[in-house]
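Engineer: If you want the building blocks of each chain, they are given just below.
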Amino acid sequence: MNLEKEVSIVLGGAAGQGIQTIEESLTKILKLSGYNVFATKEYMSRVRGGINTTEIVISSEKQRSFLKRIDLLVTFKKGVLNHLKDRISENTIILGEKENIDEEFINNKNIIDIPIQEISKNIGNVLFSNTVGSGIILGIFDCDLELFNKYLEDKFSKKGKEIVDKNIEAAEKGYELGKKILKDLDLSLNIKKNEKINNEIILSGTEAVALGAAKAGCNFVSFYPMTPSTGVSTFLATHSKDLGIIVEQVEDEISAINMAIGAGYAGARSLVTTSGGGFSLMCEAVSLSGMTETPVVIYLAQRPGPSTGLPTRTAQGDLELALYSGHGEFPKIIYAPGKIEEAHKISQIAFNMADKYQVPVFVLSDEYLADTYYNLSDNELETLKKENNVVKTSLDYKRYELNENIVSKRGIPEYGEGIVLACGNEHDEFGDITEDIDLINKMTEKRNKKLDLIKKEAIEPEFIGNETYKNLIVSWGSTFYLIKDALEKLNLKDTAFLHFNQVYPISDSAEKYLKNAEKVINIELNYTGQLGKLLKREFGIEMNDSILKYDGRVFAVEEIIEKIEKVLRE
Amino acid sequence: MENSLFQRTEKLDISWCPGCGNFAIKASLSNALTELNLKPENVAIISGIGQAGKMPHYIKVNGFHTLHGRAIPAATAVKATNPNLTVIAEGGDGDMYAEGGNHLIHAIRRNPNITVLIHNNQIYGLTKGQASPTTLISTKTPTQPWGVFEEPLNPIALAISLNASFVARTFSGNLEKTKEIIIKAINHKGLSIVDIFHPCPSFNKLNTLQWYKENTYFLEDHDVTNRKKAFEKSLETEKYPLGIFYTCEKPVFEEVVPPYISEKTPIWKREPNLEKIEEIINLKRS
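From first to last, the protein sequence lines are chains D and P.
Heads up: the first sequence runs through residues 1 to 570, numbered per the numbering used here.
Heads up: the second sequence runs through residues 1 to 286, numbered per the numbering used here.
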C-alpha cells in the first residue's frame with residue numbers, strides 16, 4: 001500500500017481518554033521530524049465519554065485543510081468506527097484492539113489488531129495508552145524517537161522519574177510496534193521531510209489571535225467563558241504577567257463588554273472574547289461603543305445556534321448578528337480571517353483600526369479555525385506597528401469636536417490638562433447631553449461618515465484564478481483553504497475564487513470581480529447564505545447558486561469538490 | 001455652599017427638578033473632592049442612566065455617561081487601566097440595584113478601589129414614577145396601581161452580607177455629613193458603597209424630605225469593624241440608621257491582577273512587550 005504526499009491520520013476515543021494530548025504531542029514531534037502537519041478536532045460538549053476525534057495530516061507540501069478521507073485510523077474506544085463510518089473507505093487502515101472495533105467492521109480486511117492496552121497495562125497503567133498510540137504513529141513515520149522521549153521528559157518531569165521512565169518505555173514499545181506494522185503491511189511511504197520545517201512554528205487559530213492581540217498592545221481582556229472563544233482569554237491569562245495584560249473573567253457578558261469599553265475610555269486597548277449566545281447579551285454595549293466613539297475589539301468565535309445550539313461544533317451563522325448588532329446607526333468593522341496566519345495579522349489590524357476610527361471592531365472566527373493547528377514559517381507571522389492615535393488634551397479639549405476632521409481626536413483622562421467627557425446619550429462637542437436639532441444632525445453625520453474612510457482601508461478580497469473566468473466562487477472566514485484546495489484539485493480553467501477576509505465594510509474592489517462573473521456561487525457554513533445576502537445588499541448581485549452546510553461540521557475538501565462539480569453541471 | 005474648583009463655569013441646562021435631592025448630593029460631592037485636594041483632571045465619574053446618571057455633566061471632572069446599570073463594570077475597568085485616577089461610579093436605585101444588581105454583587109467580590117454613590121430616592125424618577133427595588137411595600141404608583149407587593153431590597157444588609165469593604169448610608173439633606181462620608185469613602189482603599197437617601201419631589205410623595213428627617217438617624221458610637229453588629233443595624237427599618245455601617249480591609253482588584261504585582265505603571269502607558277511575545281512564539285517551535 002502506498003501513502004503518497006499526504007497522509008490523513010485520525011485518532012478517536014472518548015473525552016477524557018487523552019486524544020487531545022496525543023494531538024499535541026504528535027503534531028509537535030512530526031513537525032520537529034521535518035513533516036508539514038495539520039491538525040483539527042471535532043468533539044462533543046461533555047467532559048467524559050462520547051466520541052472525540054482528531055485528524056492529523058502529514059504532508060510533503062503545506063496542506064492546510066480538513067480531509068474527509070482517512071488513511072490511517074487509530075481507535076481507542078468502541079463506537080469510533082461507527083462514528084466515522086462515512087469517512088472510512090476500503091483503503092483505510094484501522095489500528096485498534098478487537099474490543100474497540102464495532103461489530104460491523106469486525107471482518108474489515110484492513111484492521112490491524114494492536115495490543116495498546118495490553119502493552120500499557122504491562123507497563124503499569126492503562127493510562128499509558130496515549131503514549132503507546134503516539135509511539136506507533138511516530139514509528140510508522142520514521143520519526144526521531146529521541147525527540148519524543150525528550151518531550152515526555154519535559155511534560156512529566158514534575159510527576160517524578162518513575163512516570164517519565166514509564167512513559168518513555170511506553171513510547172519505545174509503541175515505536176517498535178509502529179516499525180513492525182510498517183514492515184508487515186509493506187507500506188510504502190512517500191512523504192518528504194524537510195529540515196527547514198523543524199524550526200517552524202505551530203500555532204492554532206486561537207493562539208494566533210491571542211498573540212496578534214498581544215503584539216497590537218492589547219492590555220485589557222474581559223470575558224465570560226464560552227466555547228469556542230475562551231481559548232484566547234485563557235492563553236492571554238497564562239501570559240498576563242509577562243505581557244502586562246489584565247485578563248478578568250467577569251460575572252456575565254454584559255459586564256465583560258462594558259468593562260472593555262470602560263478600559264478603552266481610560267486608554268487601554270481592550271478585547272472581549274465570546275461566542276454567539278454571549279455576544280447576543282453584548283449587543284447593547286456595541287451601540288455604546290458606537291455612540292461614545294470608544295474603541296473595543298470583539299473576538300466572536302462562531303458556533304452553531306440558535307440559543308446554545310451545538311456548543312462544540314462549527315458554523316458561520318453570526319455574520320448578520322455582528323453586522324446588525326447594536327441599536328441605532330453607527331459604523332463598525334468586521335473582519336473574518338480565513339487562515340491562521342491571517343488571524344494573527346488581522347487581530348493586530350483590528351486594534352489599530354479600532355483605535356484609529358474609535359469604533360467597535362469584530363474578529364469573526366469559528367470553532368474550526370480556533371481549534372485548527374499547522375506549522376508556519378517566520379515570514380508568515382507578520383508583526384505590524386502599533387499605531388497610537390490618543391492625543392494629549394489641552395484645557396479647552398472637546399471630546400467630540402466638530403471640525404474638518406471626521407474623526408475627532410481622542411483624549412483620555414489624565415493625559416493632558418483637559419477634561420474628557422464621553423457620553424452615550426446624544427451629545428454636543430464637549431460631551432454634554434443635547435437635543436439640539438442642528439447638533440443631532442451634525443453628530444449623526446460625523447459618526448456615520450467614518451464608514452466611508454474605513455471602507456477606503458478595507459482589506460481587499462483575495463482573488464485566486466485566471467482573469468478569464470466564467471464562474472466565481474465566493475466565501476468568507478475559515479473555509480479559505482478548504483475551497484482553495486478543492487479548486488486546485490478540480491483544476492477548472494473557467495472557475496475563480498474570491499475570498500472575503502473583511503466582510504464589513506466590503507472593499508469596492510469586490511464589485512468588478514462579482515460583475516465579471518456569469519455565475520456567482522457562495523460557499524458558507526450556514527443555512528441562509530449570509531455573505532450572499534450581504535453581497536446582494538452591497539452590490540445588487542444575486543448568487544446563482546449556493547453551497548451551504550449547517551450540520552455543525554466543517555466542509556471537507558472532498559465534499560466541496562463534489563458540490564462544486566454538481567453545481568457546475570446543472 | 002458649593003466649592004468652585006469643580007463647578008462648571010458655563011451656563012448649564014440642568015434637568016433635575018426644583019427641590020431634587022441631586023442638587024444637594026452634587027454640592028456634597030464637589031465639596032468632598034475639594035477637601036480631598038483633588039484636581040478635576042484626576043477624577044473620573046462613571047455614571048449609568050437616569051437623573052443621577054447625569055452627574056458627570058454638571059460637575060467638572062472627567063466623565064463617562066454609560067448605559068443603564070453598567071457604571072460599575074466600566075468604572076472598575078477605568079480604575080484598573082489607570083489606578084492613579086480617583087474613580088466614582090454613580091447612579092440611582094434603579095441603576096445600581098435593578099439593572100446593575102448583578103454587577104454590584106460581583107464588584108463587592110472583586111473589590112476595586114472605586115467609590116459607588118447610589119442616589120436612592122426609592123422611585124424611578126426619569127421614567128416618571130414607577131417602583132424601584134427600594135420602593136416600600138404598598139406604595140401605589142402608575143405601574144403598581146394596587147401597591148407594591150415586593151419586599152424592598154436592603155442594599156446595606158446585602159453589602160455587609162457579602163463582606164463589602166466599605167458600607168455607608170447617608171441622607172442628602174445633611175450636606176455636611178454626606179460630604180464627610182463621601183470623603184471617607186474615597187479615602188477608603190477598596191470598594192466603597194454609599195447609599196444616599198434623597199427626596200424625589202415630583203414622583204415620590206411618601207419619602208419626602210420631611211419623611212427622611214423623621215425616619216432616619218445617624219449612628220453614634222458604632223464600631224464599624226464589627227460585622228455582626230453592622231448587619232444587625234442594617235436590618236433596622238423603624239428608623240433607618242445613617243452613617244458608616246461597616247468597613248474592612250481586603251485585597252484590591254487592580255493591585256492583585258498580574259500586570260500590577262511588580263510593575264506600577266498604569267497599563268495604558270505601557271507598550272507591547274514584543275520580546276516576550278517572541279519568546280512565547282519561540283516556545284511553539286519545539
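Bear in mind the hints are in silico, worked out from the structure with no lab data behind them.
Just so you know, even glycine gets a beta-carbon here, dropped at the ideal spot from N, CA and C.
Do not take every clue at face value.
As the list claims (entries may be wrong) - SDA-like, lysine to any residue: derived pairs with alpha carbons at most 25 Å apart:
(1) P/LYS276 / P/VAL256
(2) D/LYS241 / P/LEU12
(3) D/LYS356 / P/GLU271
(4) D/LYS159 / P/SER286
(5) D/LYS392 / P/SER286
(6) D/LYS193 / P/LEU283
What the hints assert, rightly or not - Facing chain P, from chain D, some residues (calculated, C-beta under 7 Å):
(7) ASP242
(8) LEU243
(9) GLU251
(10) ALA268
(11) TYR324
(12) LEU421
To be verified - To spell it out: a stretch of chain P is covered by chain D in this simulated footprint if at least three of its residues, at any positions, have a beta carbon under 8 Å from a beta carbon of chain D; those stretches are:
(13) 35-47
(14) 97-105
(15) 194-202
Engineer: So, for every hint listed, does it hold in this structure?
Structural biologist: Comparing the hints with the structure gives:
no., hint, result
1, P/LYS276 / P/VAL256, "holds (21 Å)"
2, D/LYS241 / P/LEU12, "violated (45 Å)"
3, D/LYS356 / P/GLU271, "holds (17 Å)"
4, D/LYS159 / P/SER286, "holds (21 Å)"
5, D/LYS392 / P/SER286, "violated (44 Å)"
6, D/LYS193 / P/LEU283, "holds (22 Å)"
7, ASP242, "holds (5 Å)"
8, LEU243, "holds (6 Å)"
9, GLU251, "holds (4 Å)"
10, ALA268, "holds (4 Å)"
11, TYR324, "violated (19 Å)"
12, LEU421, "holds (5 Å)"
13, 35-47, "holds (count 5)"
14, 97-105, "holds (count 3)"
15, 194-202, "violated (count 0)"
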